[in-house]
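A.B. asks: Residue-level listing of the chains:
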Amino acid sequence: MSAIVDSIEGPGADHVHYLGSMQTIEFPMKRYEENEEIDYVVVGVGAAGGVLLQRLSRAGFKVVGIEAGPFWDTERDWVSDEAGSHQLYWEDMRVTGGKNPLALGANNCGKGVGGGSVHWAAFTPRFHPSDFEVYSRDGVGADWPISYWDLKPYYQLLELEMPVAGPAWYPWGDPHGYPFGPHPMGGVGNTLIRGCTNLGIPVSAGGPVAILSGSRGDRPHCIYRGFCIQGCKVGAKASTLITHVPDALANGAEIRDRCMVSRIHHDKKINRVTGVSYIDSEGCGRFQKAKAVIVSGYAIETPRLLLNSACDGYENGLANSSDTVGRYLMAQAGNVIAGRFDEPVRMYKAPPAHALTEEFYETDPKRDFARGFAIQTVGPLPIAFAKQMMAARGSWGWGMRRTMMDYNHWSAFGLLGEILPWPENRVTLAEEKDQFGLRVAHVNFELHENDKMLIEFGRNKVEQVMHAAGAEEVVQEARYAHLVGAARMGKDPATSVVDCFGRTHDIANLFVCDGSILPTQGSANPGLTIQALAARTADYLISQGEIIFNSDRRDMTPAPVRPELSPPGTHGVGVPRFA
Amino acid sequence: MNSPHENCDADSLDRRPLDPNSGQPLPEREQPGYYPGFSTLSQQRYWDAATRRKVLERVHETPPIRFFTPEEARMMEAIAAHVLPQDDRVPARRIPIVPRIDERLHKGRTAGYRFAKMPPDGDAYRLGFQAIELMAQKNHARAFIELTWGKQDAILKTIHDAKPGDGAAEVWEKMPIHRYWALVVQDCVEAYYSHPWAWDEIGFGGPAYPRAYMRLEHGEPEPWEVEEQRYAWEAPPDAVSDSKGPAIAAHGEHPSQGQGGTH
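So the protein lines, in turn, are chains A and B. This note's numbering puts the last residue of the first sequence at 579; the count rises by one with no breaks. This note's numbering puts the last residue of the second sequence at 1263; the count rises by one with no breaks.
The hints are simulated quantities; they were obtained by calculation from the structure and are not laboratory data. One should not assume that every hint holds.
To be verified - Coverage of chain A stretches by chain B, computed from C-beta distances (three or more under 8 angstroms per stretch; other residues unrestricted):
#	segment
1	75-82
2	390-399
As the list claims (entries may be wrong) - Keeping only pairs whose Cα atoms sit at most 30 angstroms apart, straight-line, the calculated BS3-like set for lysine-lysine is:
#	chain 1	residue 1	chain 2	residue 2
3	A	K452	B	K1163
4	A	K433	A	K289
5	B	K1174	A	K99
6	B	K1157	A	K99
7	A	K452	B	K1117
For every residue, glycine included, the Cβ atom is placed at its ideal position computed from N, Cα and C.
My request is simple: use the sequences and hints to build the entire structure.
C.D. replies: Quick look at the structure:
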């Protein structure tokens, strides 16, 4: 055992910056001068920002990413501990209201290089072809300005770059296979498979999830410790921190961490943005000049920054002539259905994300609501589970102690249900200010009739599956998961913020690229789609070259797919493709 | 381990869980729960250094009270003793709850949001003290901390049920009662179930990097974990918290959406 114990002391003790247990990174990185005009400044280095920086730097652009949180050293900064992981989440103040207020923070918002991809559970289903034409098919929501087939090549690229483990044949949406093999089952996955199988519902086991089921290069395979959403110290779970940021830095990108962007500057005479103001890690105000700005702050910080950047000519918020910035915010129904089993489950082992069914994903004319839902494994650790039992079972006092003594007998599934985009579900600015003197976000959220019917049906279905798996007691907590929308893309500048490449309709050198541009959300976890959209936007920007910087011309020709811009060693390596 | 604790007075005996066969209070244990002999801390040499540092700091260092006044701290101790009772534990193995809550409020750490109808967390705690004190005075003409265990439990149960009567209506108008209750319960469970002694109690394996888990299926224990050994127990006679009450989520607004961030 001594070798193991020695290695435990190893990483982090030698001032090497670790990204996962094996990968290290060389500092210092490239530094641009403050008054040097760079090509692109990317606000927020998360799921989208990491991919953008990697692609744009590899293509030779001068790029700076400005990130509000830290540049993590995963050995030094992360812990296998629920209560010790709060710093991974955006826990600066926000106000949440409306008839069905959303919980924010740990639930859906990341902070630090890698953003939400650091604490996601890493389920990576693709959206279905139907997701891109919800309005045409069902008369609800909105159509995307692109189709599934426009995005498919980028799904394929990102599934390799992360890479994704899962079955060789995934039957839903556009059927396809995954490059890494499925993970072994844990207790929760087994209950989902048993319940679904007893009801004749097809189920996918062992993925799709962006967690390595076998070692690759300087990233080891999953060790099934269950702390995925506390950040993967192992380096098995994909985050842009370990998949794309190292290649970005190697190609000359600069990342300024612990820097909070406060305003995007706009020159009214030419109707172009000129750079961003930010407060650096020392508390000093700075300005970075740039030929173009990409906002990748996710569904709350992106609209908040645009609204806080209101100026002469854009009094209601930058790029907000449509009054759409902040609107059409979406969360997915994320009810947790927990079941108690006679036999032990020990749900803390294995990744929370390891089995699912999308059998109920599409609109079913036999139901009286549009769209559908997925059923997925979740594996709440003790604190999360205790909070769920408070809500689901009313547990407190001796009842809480008794419930928790049975922790190892519980399994938990997540409903992932599509909630439609509604204009009054929106991000606005609250009166109160944060530590930088910036007005904080106010989030308003309310369920509509279709949403409520879908949640009721979905929740009952998940409960049926849990019973069919053999649970003796089944309880549920109503909650939400993920956040998208609030700066949506569309063809019509009157009803959307950005075009199909993420360029704002109002300002030719201002882009938005993150989850906020999604017009609808399906019932798939958004992480893969966000990164695929970022790779697509990068290809467009690279094809346009200097035109973006010198002209307001809006060329809507799709760009060729550039697999050669993938991080080294990821493209075209050993892919079983049965589709 | 699990030896009866001596020197316990009659009051603490009343507050102990019972052996359902004998009807007698169960002895205080070093480690309640169904996993006797299981110790996550005994595995700490297999944890990474940062995790070990974080968990050991939690075990060995209890932060001082800085946010609550001494009087508020006493009140909070009385409340926490009901929200997360620990009378089945020997005093030396009780997990500090109130110092953790105080530390969070002192440092101004939030969950990353505030419900629009709620005051800031610190103010919510203070309004809660005010309401509970008013309810105690109105119903029993005594301070809350002077009431018997059973009467205290009953007052808190009315808050859990969101049916506080008219004892403190003017305070509950200032904040939704179910959100206040969720705030307190969530803070208490976060303090308790973040402690390795609580992990031992519930059979949670705790940190497992870099060593990993090997036995993923059928709830099988790792070689260093132990099999469950259940025993029957009943909550103390005066306690009202061990019945399966109506889910709080039955109220109009859901109190606790996704705090744990499970997906």
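A.B. asks: So, for every hint listed, does it hold in this structure?
C.D. replies: Hint check:
{"no.": "1", "hint": "75-82", "verdict": "holds (count 8)"}
{"no.": "2", "hint": "390-399", "verdict": "holds (count 9)"}
{"no.": "3", "hint": "A/K452 <-> B/K1163", "verdict": "27 angstroms, holds"}
{"no.": "4", "hint": "A/K433 <-> A/K289", "verdict": "26 angstroms, holds"}
{"no.": "5", "hint": "B/K1174 <-> A/K99", "verdict": "18 angstroms, holds"}
{"no.": "6", "hint": "B/K1157 <-> A/K99", "verdict": "26 angstroms, holds"}
{"no.": "7", "hint": "A/K452 <-> B/K1117", "verdict": "23 angstroms, holds"}
Of the numbered hints given earlier, the model fails none.
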